[in-house]
Amino acid sequence: MTSSYLVFFLSGKLFGVRLVGALEILPWRRSRAVPLSHAHVEGLIDYRGIVYPVYNLERRLGMSKTGPIGFTAAEQKRPTTGRSIILLEDNHVPFGIIVDTVVKMAKLEDPPAVSAKTPGVNSEYVKGTVFDDDQEIIILNCERLIHAS
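Using this note's numbering, the letters of the sequence shown correspond one by one to residues 1 to 149.
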């Protein structure tokens with residue numbers, strides 16, 4: 001079965017999320033910090049009267065290193081130019097993810113299942129992988145992104 005996906009770059013890898021849940025693409029902006037939240041929660045933004053928790057997708061997918069006691073280790077400052085926040089909704093739960101660059105919207109075959117582990121990415125949040133123009137695209141499971149602890 002073919003579905004529409006929003007494809008984006010994050011740390012040099014291509015990822016995709018179903019377009020059905022994508023609401024808006026915003027240029028990166030600072031969000032309000034949430035004290036005592038998980039390391040992958042970047043903060044909150046208010047957009048058109050709806051409050052969105054914004055996730056640092058690199059941290060959520062385990063693509064960044066953690067410190068000795070489980071908190072995210074100090075990171076080097078990354079340039080924010082070109083980065084985006086994708087506002088999504090899954091089962092009426094709004095949230096946002098920070099990505100490096102939005103690439104395109106594409107019709108892709110739905111992944112059958114997680115066929116192989118993707119190095120450097122927590123497979124808990126991956127639905128599977130598909131290929132488009134000989135490029136591997138990692139399809140994310142949005143439900144797991146927001147509901148897993």
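Just to be clear, a hint being listed does not mean it is correct.
[Said to hold, decoys possible] Think about it this way: if two alpha-carbon atoms lie no more than 25 Å apart in a straight line, the pair counts; the simulated DSS-like pairs of lysine-lysine are:
no., residue 1, residue 2
1, Lys104, Lys13
2, Lys13, Lys107
3, Lys117, Lys13
4, Lys117, Lys107
[To be verified] Have a look at the derived ranges for each label pair, beta carbon to beta carbon:
no., residue 1, residue 2, range
5, Thr2, Val34, 32 to 40 Å
6, Leu23, Met63, 34 to 42 Å
7, His38, Asp134, 34 to 42 Å
8, Lys107, Arg30, 28 to 36 Å
9, Pro112, Ala33, 17 to 25 Å
I should point out that these hints are in silico values taken from the structure, not numbers from a laboratory. Even glycine gets a Cβ: it sits at the ideal position worked out from N, Cα and C.
For each hint, the structure was consulted:
1. Lys104 - Lys13: Since the Cα atoms of Lys104 and Lys13 sit roughly 14 Å apart, the hinted pair holds (cutoff 25 Å).
2. Lys13 - Lys107: holds, 19 Å
3. Lys117 - Lys13: Judged against 25 Å, a Cα distance of about 14 Å means the pair holds.
4. Lys117 - Lys107: holds, 23 Å
5. Thr2 - Val34: 32 to 40 Å: At 38 Å between Cβs, range holds.
6. Leu23 - Met63: 34 to 42 Å: violated, 24 Å
7. His38 - Asp134: 34 to 42 Å: Holds, at about 36 Å.
8. Lys107 - Arg30: 28 to 36 Å: Distance hint for Lys107, Arg30 holds at roughly 34 Å.
9. Pro112 - Ala33: 17 to 25 Å: violated, 40 Å
The structure is inconsistent with the numbered hints 6 and 9, although it conforms to all the rest.
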